[in-house]
Amino acid sequence: MKKNIQELLLDLIQAALDQCGFKEADVYLDFPTDKRFGDFTTNIALKLAKVHKRNPREVAACIIDAINKNASAKGFIREIKAEGAGFINFYLSDDYYYEELKEILSRGPEALKINLGKGKKVLLEFVSANPTGSLSVAHARQAAVGDVLASIMDFAGFKPKKEFYLNDKGNQINILGNSVDLRMRELAGEQIEFPENYYQGEYIYEIAKIAKEKKIAHEGLGDFAGNYILDIIKKELEDFGVKFDYWYSQKALEDSDKIKNVFEKLKDKGYLYEEEGALWFKSTVFGDDKDRVVIKSDKSMTYLAPDIAYHEDKFRRGFELLINMWGPDHHGYINRLKASIQALGHDAGALSIIIVQLATIYRDGKPVQMSTRKGQYITLREVLDEVGKDAARFFFLMRKTSSHLDFDLDTAKKQSADNPVYYVQYAHARISSILRSSAIKADKHADFTLLKEKEEMALAKKIAQFTETINVCISTLDPYMLTVYLQELGQAFHKFYDLHRVLGTDDALTKARLALIDATKIVLAAGLDLLGVSKPEKM
RNA sequence: GCGCCUGUAGCGCAAUGGAUAGCGCACUAGCCUCCGAAGCUAGUGGUACAGGUUCGACUCCUGUCAGGCGCACCA
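Following our numbering, the numbering of the first sequence begins with 107 at its first residue and continues without gaps.
It is possible that some hints are incorrect.
Restricting the straight-line Cα-Cα distance to at most 20 angstroms, the calculated cross-link-like pairs of lysine to any residue (SDA-like) are [stated by the list, open to error]:
(1) K568 / R142
(2) K560 / D604
(3) K567 / E594
(4) K371 / G433
(5) K547 / R536
(6) K375 / H452
(7) K219 / S581
(8) K224 / V578
(9) K364 / Y416
(10) K644 / Y528
(11) K208 / K219
(12) K153 / D171
(13) K558 / D200
(14) K405 / N367
(15) K568 / E216
(16) K159 / G127
(17) K405 / G276
(18) K520 / R505
(19) K373 / V399
(20) K226 / H452
(21) K159 / D200
(22) K567 / N577
(23) K187 / T148
(24) K318 / N333
(25) K349 / S640
(26) K506 / I461
(27) K318 / G276
(28) K187 / E164
(29) K519 / A535
(30) K364 / L378
(31) K357 / F330
(32) K156 / F128
(33) K560 / R607
(34) K641 / E344
(35) K227 / N577
(36) K153 / F182
If you are wondering where the hints come from, they were derived from the structure by calculation, not from laboratory data.
Whole structure, please, built from the sequences with the hints as guidance.
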């Protein structure tokens, strides 16, 4: 796997810093805010000048000089300039971009991969909904983010697995069972009072009817209903294009001796103590606000107890990096869980918690109110039925995961310009159409140097930014930047298309432009594949 | 009261502390005898407020105001 352009430039800068007498500086490369400032820029001279009390332009001059003398810089850098307060701006040669196009055409999507993960085993745990009802849009957003992040990590050389932790035991399942029981008695003609904290949805009646037919015993109702609903959830996820590698049962965990073992380990290390009849975990040692109860005074466990064992088990299964996706209501839970993995001897950095903010669904310009217990909430199923898989996935990924998301059903349904999914897909279909109607085939042997127009180079540069986009997604653990990038790539193509004819009278130029749009198509397709959104040849 | 997320153009959103704050929608005016007009071009218009750190702040810190969510020996 080759080094990408950022890595090459960073190597050059580091070597230059060494020559200029600076040690161990953190160098960042930016895409400049303005195209006049080159293809890449760094503010390292400004930073160093500050620390060493030197003139930034002088520092920049020394660095530039050193890079210019470096033989490995030849070929892909056209010019390096110190500009503004002391920014170092890199202007890449067109040849560099032509090489990129050629690589993509000869090797396909493989040419876009970068090995950031180096085979690191990652476990992404997400959704993990109680099997007590259909998935909500909050789960849907997690499902989309988790699934795509896993795909991107795989693309970037990690070995990710996706896991759904199944809360198939405990309070919620008991309440579910009781809810079904009550509805069964109601259907049998009995007068009942239905408690407010029971599951109110219509689907409970359906389950009650089936449970009656199958003559399910009272004690088995919770499990029966849970399994019934789990099948519904699995089907919903399948239709959403999300496939889990593992379904991890909480019940199986609690029936094993894993919890006992992990408690012994914690006790040996002195992180457990008894007080007021309860067993406490000393999470404050690792920065939590207060210690946490793991076994209540009535001898039952809190949720934290199996969770500690669960996460220890993740490490035991060989995963080196754990990524959990939680709703914003769990953020107070982060410190205690992190404390537990540290108590068991793991690095705090081995666990990343991604808080996936809620999505608000808008219909007819108004937010739709939701309540889980009352069964009044928009389900993943409804969103899928209404807007389809492609728009649903794309929309859930369109915003920063840590930010609120407004999901407008009406926009998502529209097959028009204000729907970004179609904008990107349209670019792909448009290119496909041109390639179909061309008598000449696009290939890597085209004379790329014929691509001189502003819009041609802008498109070529945008193509070359794909790997950096993947890089950003990995470092932020957030796939949303990819949706932004694909819209920009689509835009660069549409602009090019509008001003320049691909299929013209000059065969050599036609070939070069065919190669350019074919490379665009390959990158669009790679991005849409990662998002799990279809890439239509026609639409 | 405490914690998390958010405040940028009429609306929805961008901008690892960097250079003239970008994009879409809407609105206005244009572009199809020609590869897909689900597209393109141009115009209008903005950092909630008050301090601070910095050569430089939408970004970091403090406070105020506004919105969303959460604060259990629940899961």
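To see whether the hints hold, each was checked on the structure:
1. K568 / R142: Holds, at about 16 angstroms.
2. K560 / D604: Holds. K560 to D604 sits at ~13 angstroms (cutoff 20 angstroms).
3. K567 / E594: 11 angstroms, holds
4. K371 / G433: Since the Cα atoms of K371 and G433 sit roughly 30 angstroms apart, the hinted pair is violated (cutoff 20 angstroms).
5. K547 / R536: 16 angstroms, holds
6. K375 / H452: Given that 20 angstroms is the threshold and the Cα spacing comes to 14 angstroms, the pair holds.
7. K219 / S581: 15 angstroms, holds
8. K224 / V578: Cα-Cα ~17 angstroms, so holds.
9. K364 / Y416: Status holds; Cα separation ~8 angstroms.
10. K644 / Y528: 12 angstroms, holds
11. K208 / K219: 15 angstroms, holds
12. K153 / D171: Holds, because 18 angstroms separates the two Cα atoms, which is no more than 20 angstroms.
13. K558 / D200: 9 angstroms, holds
14. K405 / N367: 17 angstroms, holds
15. K568 / E216: Holds, at roughly 18 angstroms.
16. K159 / G127: With Cα atoms ~14 angstroms apart, K159 and G127 stay inside 20 angstroms; holds.
17. K405 / G276: Holds: K405 and G276 sit about 14 angstroms apart, inside 20 angstroms.
18. K520 / R505: With a Cα-Cα distance of about 19 angstroms, the restraint between K520 and R505 holds, given a limit of 20 angstroms.
19. K373 / V399: 14 angstroms, holds
20. K226 / H452: Answer holds: K226 to H452 is near 16 angstroms, not above 20 angstroms.
21. K159 / D200: Violated, at about 37 angstroms.
22. K567 / N577: Holds, at roughly 16 angstroms.
23. K187 / T148: 11 angstroms, holds
24. K318 / N333: Since the Cα atoms of K318 and N333 sit roughly 16 angstroms apart, the hinted pair holds (cutoff 20 angstroms).
25. K349 / S640: It holds: about 16 angstroms lies between the C-alpha atoms, which stays within 20 angstroms.
26. K506 / I461: Roughly 11 angstroms separates the two Cα atoms, so the pair holds.
27. K318 / G276: Distance ~23 angstroms between K318 and G276 Cα, so the pair is violated.
28. K187 / E164: Holds: K187 and E164 sit about 12 angstroms apart, inside 20 angstroms.
29. K519 / A535: Holds. K519 to A535 sits at ~19 angstroms (cutoff 20 angstroms).
30. K364 / L378: 16 angstroms, holds
31. K357 / F330: 14 angstroms, holds
32. K156 / F128: 13 angstroms, holds
33. K560 / R607: Holds - the C-alpha atoms of R607 and K560 are around 14 angstroms apart, at most 20 angstroms.
34. K641 / E344: Status holds; Cα separation ~19 angstroms.
35. K227 / N577: 18 angstroms, holds
36. K153 / F182: Cα-Cα ~26 angstroms, so violated.
Figure legend: structure checked against the earlier numbered hints; hints not met, in rising order: 4, 21, 27 and 36.
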